[in-house]
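Chains as they are written, first to last, in our numbering: chain P, 1 to 345; chain G, 1001 to 1133.
Fair warning: there could be bad hints in the mix.
[Said to hold, decoys possible] Using C-beta positions, here's what the derived DEER-type ranges look like: (1) G:Gln1069 <-> P:Gly84: 46 to 54 Å; (2) G:Val1052 <-> P:Asp35: 32 to 40 Å; (3) G:His1088 <-> P:Asp35: 39 to 47 Å; (4) G:Thr1042 <-> P:Asp134: 28 to 36 Å; (5) P:His130 <-> G:Thr1065: 26 to 34 Å.
Simulated from the structure, these hints should not be mistaken for lab results. What you are looking at is a predicted structure, and each value in this text was computed from that prediction instead of being measured. The beta carbon of each residue, even a glycine, is placed where N, CA and C say it ideally should be.
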Amino acid sequence: MKRFLPFFLCLLLLSGCAALSGEAEPAQVQFFSMDTVMSIRVYDGGGEDAIQAARQEVERLDKLLSRTTTDSEISALNSHAGDGTLVSMEPEVIQLLAFAQSISQLLPGDFDITIAPVMDAWGFTTEEQHVPSDASLSAAMALVDSSLLTVDEEASAARLEQAGMEVDLGAVAKGFAASRAEAVLREHDVTSALVDLGGNITAIGGKLDGSPWQVAVKDPQNTSEALCVLSLSDQTASTSGGYERYFEQNGVIYHHIIDPKTGYPAQSGLLSVTVVSSNQMLADALSTALFVAGEEDALAFWRSRDDFELVLCTEDNRVIVTEGLEAGYRPAGEERGYTYEIARR
Amino acid sequence: MRSPAAERRRPTVWDGLVVLAVVLLAGVLVFLLRPSEGSAVTAVVTLDGAVVAQYRLDQLEEPATLTLQEASYPLTIQAEQGRICIAHSDCPSQDCVRTGWISRPGQQIICLPNRLIISLSGAETDGFDAVTG
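Please work from the sequences and hints to get the whole structure.
Rendered as structure tokens:
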């Protein structure tokens, strides 16, 4: 029997190879929520239980935050616009409203969660997208003013002061969902995962071998190609661009990121803005706000802070990467005519 | 304590059999654990989470057309060797049709109104783990 011992030992050794190749396969789920496609991939820790718990958390938030779900907290707030009722809401929703208002104050004119009536006038929330008439657009614009949204954090309640006003959390909900999904995954001992909420990527930890995740930024002019690839760990990359949702009327292309100052699609000279931050909500909100702000204002705002980094793609085919991303970034669109520059403080 | 095998100078037939078995098994495992074919590209079509079609794009000899009447907005998928696209969709946004052909593992076509996803998988990847945008 002893001569067979080496045989079984070899078998044991070889079976180790099989186990190793199996380990690289993550537990993963892909699902539809918040009007987009989401996927969660978990490489360690609680696996299947972890992804299901994270998915449920995202779906719970969708029900809470959706403007199109009639029994959501946001629908309750909107339905009481102008009638004086202070609507009690979940503390987490109140915090999100307060956060969105703080971004409006930091970047006045570039970001406003009360833009919903204008989005509706353009039909971006429905199936019929069209250029609104001047009358309907100016009527909708009169309802956009986030200073008329009262948020009472102590009472955990909020109020829209003018009838017809509406809040839409489309520019912050995915970031909030990402922060909650990450918290749930970490409660399940996950330290290596990728959360993709409609193109907002949250990298949890790094890969199992300790190297950072490689996250490509989509080329806004050729969405099947990469503009550049970033190295991320414990960070969120959030991108906004006109290419994501748009329609054409009389030969003109109209995209869905509305400039709160004009009521028209933002014409800032940018094709896309990617914000990288360890704060998921900040990354989400700033990608929209800085797309509206434009290159110069976006870089000036970046220089005033140290909690995020940027990739800007301009209409004249320049890709501006801020210096915090320089290590571990690689350009990928030179053959498509892009030039790359590093912005410094 | 010395084993009987250790006392012998020459290997026996049985020793030879063990060597042979180990070599054979190693060969089998090398075959089983080999990386899948470099050029293999599989397209999986899911409608609201359920797989409705699957194509080995690299092995597709003739173009294939798939019309999904059961979708909320009926659509037509076209596949040919190495690539796949949504040729027509009744959906309002048309984002899926605009995506055009996809051919590389990791790429996806998504039709949100239909909750339809076409995703490509295979051994070769573009060298990144996720895409933002």
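Hints and how they fare:
1. G:Gln1069 <-> P:Gly84: 46 to 54 Å: Once the Cβ atoms are compared, 51 Å apart, the range 46 to 54 Å for glycine 84 of chain P and glutamine 1069 of chain G holds.
2. G:Val1052 <-> P:Asp35: 32 to 40 Å: Since the Cβ atoms of valine 1052 of chain G and aspartate 35 of chain P sit about 22 Å apart, the hinted range of 32 to 40 Å is violated.
3. G:His1088 <-> P:Asp35: 39 to 47 Å: Violated, at about 23 Å.
4. G:Thr1042 <-> P:Asp134: 28 to 36 Å: At roughly 52 Å between Cβ atoms, aspartate 134 of chain P and threonine 1042 of chain G fall outside 28 to 36 Å, so the hint is violated.
5. P:His130 <-> G:Thr1065: 26 to 34 Å: holds (32 Å)
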